[in-house]
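Peer 1: Here is how the chains run, residue by residue.
Number of protein chains: 2
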Amino acid sequence: MAAALNWYRNDLRELSFLLLEQFKLAELTGQPPYEAWGPEEAKSILQETYRFCREVLGPLNASADRTGCRLENGRVRTPAGFPDAWKQLYENGFKSLGVSPEHGGQGAPVMLTVLSEEMLSGANPAFAMYPGLAFGAAELIRECATAEQVKRYVERMFNGTWGGTMCLTEPHAGTDVGAAKSTATRQPDGTYKLKGTKIYISGGDHDLAENIIHLVLARVEGAPPGTKGLSLFIVPRNRVHADGTLGDNNDVQVASIEHKMGINGSATCVLNFGEADGCVGELVGGAENAGMAQMFRMMNGARIAVGIQGLAAASSAYLNALEYAKDRKQGPHYTKWKDPTVPRVSILEHPDVRRMLLDMKAHVEGTRALVMKLARHVDFSRALRGKDDEKASYHHGQVELLTPLVKAFASDEGFRVCATALQVYGGAGYLKDHPVEQSVRDVKITSIYEGTNHVQAMDLVGRKLGQAGGQYFQAFLADVGAFVEAHRSHPVVGKAVATLASGQENLMSAAMGLFGWSQSGQLGVIGLNANRFLNMMARLAVGWLLLDGAVLADAAQEKLPEGDADRAFYEGKKQAALWFARNELPKVEAEAKLLLEQDASALDIPDAGFGAG
Amino acid sequence: MAAALNWYRNDLRELSFLLLEQFKLAELTGQPPYEAWGPEEAKSILQETYRFCREVLGPLNASADRTGCRLENGRVRTPAGFPDAWKQLYENGFKSLGVSPEHGGQGAPVMLTVLSEEMLSGANPAFAMYPGLAFGAAELIRECATAEQVKRYVERMFNGTWGGTMCLTEPHAGTDVGAAKSTATRQPDGTYKLKGTKIYISGGDHDLAENIIHLVLARVEGAPPGTKGLSLFIVPRNRVHADGTLGDNNDVQVASIEHKMGINGSATCVLNFGEADGCVGELVGGAENAGMAQMFRMMNGARIAVGIQGLAAASSAYLNALEYAKDRKQGPHYTKWKDPTVPRVSILEHPDVRRMLLDMKAHVEGTRALVMKLARHVDFSRALRGKDDEKASYHHGQVELLTPLVKAFASDEGFRVCATALQVYGGAGYLKDHPVEQSVRDVKITSIYEGTNHVQAMDLVGRKLGQAGGQYFQAFLADVGAFVEAHRSHPVVGKAVATLASGQENLMSAAMGLFGWSQSGQLGVIGLNANRFLNMMARLAVGWLLLDGAVLADAAQEKLPEGDADRAFYEGKKQAALWFARNELPKVEAEAKLLLEQDASALDIPDAGFGAG
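The listed protein sequences derive, respectively, from chains A and B. Going by the numbering used here, the letters in the first sequence line up with residues 2 to 614, in that order. Going by the numbering used here, the letters in the second sequence line up with residues 2 to 614, in that order.
If you are wondering where the hints come from, they were derived from the structure by calculation, not from laboratory data. It is possible that some hints are incorrect.
PhoX-like mimics (lysine-lysine), calculated; alpha carbons at most 20 angstroms apart, straight line [to be verified]: (1) Lys594/B <-> Lys594/A; (2) Lys339/A <-> Lys182/B; (3) Lys433/A <-> Lys182/B; (4) Lys229/A <-> Lys337/B.
My request is simple: use the sequences and hints to build the entire structure.
Peer 2: Printed below as a string of structure tokens:
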């Protein structure tokens, strides 16, 4: 284990602030289904996970990037150390945290598992994808498959015996999933024969587990065109007998692995199914043409996971840049810049470095607060289901609404924050001797996979805003409004709250604008402005949650005696929130104005006007 | 030559529009010192250079990235094909374009050479750095050295016989150049013995030329501290006899080459000077302690060259994304998105793809116009020197003012545009099968080297705004103002011109704010807002020049018959300008408001408040 490459960083004080102080885990735990959980258990999990990430996953991150994956005799070899890390991950229970006890897991609240996932992903994003996909595939089977299928597959996928994938994309069918051409042919025994090529399959093969369970979208003969005619199949790499033991190879061939900009430790495969006519799949749940809806169960979780990847990379990049800024001495203090004889100071003292760091801190912590808000809604929608269905439905609605925000904002800002971290390092940041250049490369994929960020924006604008008659969005605005009412006159954040209030009004105007275009069929300008609207809404949500944290931080700080080390922590929370409110929240108003201008130049320009190569 | 990897693209129609129509080369040429030049000569150079870039440099770009440079027995081996490309570059005169005829060059206008340099850099940024640095070092010697030194070094450096470098940075002295510890000791024969370590030396060694002439900053014993005590030395890798023949090695050792995120074909070296006490240097021009001023001659050119690198990467990435968008079929037309049976369209038809492309086009063409504006000022400051010194001084002032804008804006936007191009490609963009991921990696360095973008911003705000009693900045504002007055009522761009006018006023207010802080010694908030001000001013300048181009495009378009292919070209120019005016120019006002809020949260936050790793 190369200590010098132990580059992963997080801030446990910040994590426990969010989990316990701002998002109040204790309001959820100590009662069904979280009887076994409380603040102490959660803190201990965070500490243990962080230790594992620092000591095991983090040190494998750079080396895996350098060596990548290899294809040997048709099988993928993952980077050195990955098989052992996989073993330790599962043996120590880090991956069963969110698994329900009936399947051998610990049944932890989602608010805790998102923080644990952030650490796994931040320490080694390429590695974390293998168990992440196995988990997602297992969850899908648990929710959508027959009892027999659940019994055969789920527990082994949750405990690391088997891996899992999701196989959607085909060469000509990326965002346009419904154009998939893979076919499934019914067999007399109730199984299906699959044929087709899938690309961009993360963890499409690996040497970490004894089997891999592929979930494959394909079209049964005679099914309708588009997504409505897609069915979902369980396709094990090695066939599985009824008793769970492994049989022969199932005619799933790894055609190649991709050479990528980053996440090189994650094998991105081209998979051929049924080239020798021997690929057998089981229909998930026994119903044909339900594949897209089933896949969405996995995709929603995967989208949140991608947002967490963006956050995770940004957080570690920020903290690494912070440490570098403390260590690196360069130039005089800015108040004495003309005097070459004064002592050199750490670059943390330079205003522009502080600006970059506070920008990063505010975005990282604000994005994490957004993830936690979403996780809290998931927890309460589960906890209240069947007890208070109206409240459960409110929470479910917020999950729907916030999912595209988390995926798109965290990935776009994750990339920007990592690039800013590189800038803090200066020339050193461009070298492989430091961690940030890899973070920039790794995190770039997050704005693309699991639905590009424009797909997220169209999901928000075209689907989520109007869901349940617009109630979800109205509830979101009302939640922001309640915060505004409560804290308008707050001595520290009052002025910032006024900016938030005007942002909320501007978001509403922008939504009305979109609604009007939708009524009049102006789909083009909706498409042009969807990303803008998502960014406005995410910025508003992040500003709100940062200010909410600042109110709590202010109260907590007041109770501490002068000199208490935690006072600076709370001061940092307040300043980050104020910085965001002053520098970022006004953009909501500015962007609303731009949106309502209804600029259509991008539609008006003739194709030939773009120019020629 | 792998045709599949011939990824470099530019648009000659666009280049000739800028050179001949918007920036009116003909107003400069046909008279001294440009008697030999005219539109036809210029167009032919552009065509020839583009052909060379497509056929020779472009195809070496990806392969050089993959193999990088190697250190063998203390000497750098550049990637396969580089030595031959160097030979062809010089033999065909592509690098002597801007060299004055007295040194064997073609003496072309800078407006033409910046376009030629853009193509060289865009086709192969790593390769282009070697001749670029040789040229810059030769220019410095030509301007600052003794006649004997000029005679001995310059022509061989201009014609590719020898390479050149600039050696400023030391491990503890990056941005803080004045902290350099390298020493120079006077020898009885008038030469100096040098000792010290320099890092990040681009092209610090290579196998392209028979010798390398290093320009090294060092401190003579007893010199004052800081930049004022630095002297500049000519330090050939192989000693040069008085007659120009080569002597022994000069005790310049390559300690290592860096492993970087990008520009892997460019050898970034750690150089040790005088480890065996045998490194001999000549003082440039014969004056001690003038090194920093001399180095700035090279640095200003290098900063413009870095801006051009940013532009070059962005332009090729844009045009590649455009071609991909035309080719790639995915999804139905947005007006028929619910029908899975309609034909798939090219992604160029999707509103969000068009938005990204128009954003890229506007930024690329606007940045190129800014580079051309700067180049035109260089040309006229040279042409008018001694003829009309007042006008020459006006042009010189604009060169001073626009240089930090070109360097910082073109590099920041270059990175953003390349990342946007990657997004247009979707998952394919993340693969090494396509050119854009390399462009993202290559271009990232441009915001850092030759002075980080914050150094540029402080140069603008702390030096250039107030230069000549503020006259340069006032002349810039007056130029924008004159355009506003002339085109306020223009039928196509009138409304956009109004936005420009308000941006100009806002820029002035922001400058007054900065001035006030400077008067009251509030250096901290100046540092916090310098980058913001630079971005505002660059955005204003780019918006102005795009609108200026749109006015010309509109007039030219009107003269063309319906159906003329050039009509779409001009329409594209107009739509890009309008897009920029609607979507980007309003940010000048929004940012001015933020600046004047004087937010100091990044100074107020205690160091410990940033959090801990």
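Peer 1: Lys594/B and Lys594/A were given as a pair; does the straight-line alpha-carbon distance stay at or below 20 angstroms?
Peer 2: Holds - the C-alpha atoms of Lys594/A and Lys594/B are around 15 angstroms apart, at most 20 angstroms.
Peer 1: Between the alpha carbons of Lys339/A and Lys182/B, is the straight-line distance 20 angstroms or under?
Peer 2: holds, 19 angstroms
Peer 1: For a C-alpha distance cap of 20 angstroms, please report whether Lys433/A and Lys182/B respect it.
Peer 2: violated, 26 angstroms
Peer 1: Hint check: Lys229/A vs Lys337/B, CA-CA at most 20 angstroms. Holds or violated?
Peer 2: Holds: Lys229/A and Lys337/B sit about 16 angstroms apart, inside 20 angstroms.
Hint compliance for this structure: hint 3 alone is broken.
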